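Chains R and G are the protein sequences, given in the same order. FYI, the numbering for the first sequence is 1 to 195, going by the working numbering. FYI, the numbering for the second sequence is 196 to 452, going by the working numbering.
Don't read these hints as lab results, they were simulated from the structure. Small disclaimer: the values here were computed from a predicted structure and weren't measured. Some clues are possibly wrong.
Within a straight-line C-alpha distance of at most 27 Å, the following computed DSS-like cross-link-like pairs (lysine-lysine) qualify [stated by the list, open to error]:
id: 1; chain 1: G; residue 1: Lys408; chain 2: R; residue 2: Lys195
id: 2; chain 1: R; residue 1: Lys195; chain 2: R; residue 2: Lys173
id: 3; chain 1: G; residue 1: Lys334; chain 2: R; residue 2: Lys195
These are the residues of each chain, in order.
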Amino acid sequence: MIKKGSPGFWSGFGVALVIGWLAFPRILYRSLEQPVQFSHAIHTGETVGMTCDGCHTFSNDGRFAGIPTLVQCAGCHADVVGETEAEEHFVKEYIKQRREVPWHVYARQPDNAHFSHADHVNVGGIVCERCHGSHGTSGSLRPFEENRISGYSRDIWGANISGVKSNAWEGMKMNDCVACHNENNHRSACLDCHK
Amino acid sequence: MDQATVKQSRYGMAIDLDRCTGCGACLMACAVENNVSPGRPTVNERTGTTWMRVIEVQDGRAFPAAETAFIPMMCQQCEEETPCVSVCPQNAVEVDPETGIVGQIPQRCLGCRYCMTACPYHARYYNWWDPQWPEGMEKALNPDVAPRMRGVVEKCNFCHGRLHDARAKAAAKGSREINPTDYIPACVESCPVQAITFGDLNDEAADVARQAKSERAFRFLSRLGTEPKVYYLSGRSWVQRLADRELARSKKETVHG
Chain R
1 MIKKGSPGFW SGFGVALVIG WLAFPRILYR SLEQPVQFSH AIHTGETVGM
51 TCDGCHTFSN DGRFAGIPTL VQCAGCHADV VGETEAEEHF VKEYIKQRRE
101 VPWHVYARQP DNAHFSHADH VNVGGIVCER CHGSHGTSGS LRPFEENRIS
151 GYSRDIWGAN ISGVKSNAWE GMKMNDCVAC HNENNHRSAC LDCHK
Chain G
196 MDQATVKQSR YGMAIDLDRC TGCGACLMAC AVENNVSPGR PTVNERTGTT
246 WMRVIEVQDG RAFPAAETAF IPMMCQQCEE ETPCVSVCPQ NAVEVDPETG
296 IVGQIPQRCL GCRYCMTACP YHARYYNWWD PQWPEGMEKA LNPDVAPRMR
346 GVVEKCNFCH GRLHDARAKA AAKGSREINP TDYIPACVES CPVQAITFGD
396 LNDEAADVAR QAKSERAFRF LSRLGTEPKV YYLSGRSWVQ RLADRELARS
446 KKETVHG
């Protein structure tokens, strides 16, 4: 038997840590490239100057559009307007063929979670950046990391495998929702957020 | 902003049994709204899933004088000593203090079915199989309600998905108070004779609160003291006398969808 504190113990401990912290996340998640490289920075930057709600709109009944559909993109991109390869690909493969882009949605929650953007934005007064960080000014779309078992986005658990986080966008588990709700004394019945 | 400013509601129903014709539109509307899958060919009363049943009862007299009543029966949303809540080992059932709705969380449920035993109304159903829809029908599923999986219990929650929608609609206008007309469960909406009234029992002006106080109103098994929030109305004394009887086994249930 290996004694606690002996070199054998520590090397085994080290191996277990490496497997748990480094190897396991690589096995658990697979990396998928987005079908189109989209730059938020170009759209929200000075030349175009769009705002978040220019594309990510609410309808009158409070439903949130999420990622805009092709129709909205086609308003400007009926033909190639920029010079990038990504745009040429987008116009040729999707706009011209009237095919919706099968985006991998970083923030998509499991089926049984109900989240109302209208509640949080209109009533709660939370700004987009509070939960989505600097996504709106990012120059490119990072690879989507999919949990091989559940199919969920890695953004749900968060990049840090230990679950420790300091910003809202670093994890969107139920506990993270509950923590903020408790802090602000908001609704906390199961069915308020589950469907 | 804080919870104290939100109105406390007690959602309830009043079902007029003298109006109900037993057509079953409420059953279908319920199943469609809540993604209850059609039963497999082998299901029976015990193994099928339906959040609502229509129970047929007769007064026992011979043919020309015989009378029939139909009793739509779903979760009665017990408020006190809620039997299913008190027995659940998983904390998978709770009464929402803000709405009075008894919520069932399938993801927490371990499938022990203790709640089904505890429920005096047989309003809870166990998923013996994963849900299956005929090809093409899965495209018509309601995105506001998550389908349940094999091995968990489910039941009526007053179409809670519609409450989410009503809240979102209110939030679009910057309000936390929903418009009562935006939140109507599917069974209420579908009833061709408007036998079912739904609303906030705390709201004195609401139709449902007025009907619940009517002298025709009664609740099933009220002697148990669970304070159900579904009221039934009938002017027929033999129907009223059924209130204290066990009804669930009296006639076959519609479980084949």
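Do the hints match the structure? See the list:
1. G:Lys408 <-> R:Lys195: Violated. Lysine 408 of chain G to lysine 195 of chain R sits at ~32 Å, over the 27 Å cutoff.
2. R:Lys195 <-> R:Lys173: Holds - the C-alpha atoms of lysine 173 of chain R and lysine 195 of chain R are around 16 Å apart, at most 27 Å.
3. G:Lys334 <-> R:Lys195: Distance of about 18 Å is within 27 Å: holds.
The earlier numbered hint that this structure contradicts is number 1, and it is the only one.
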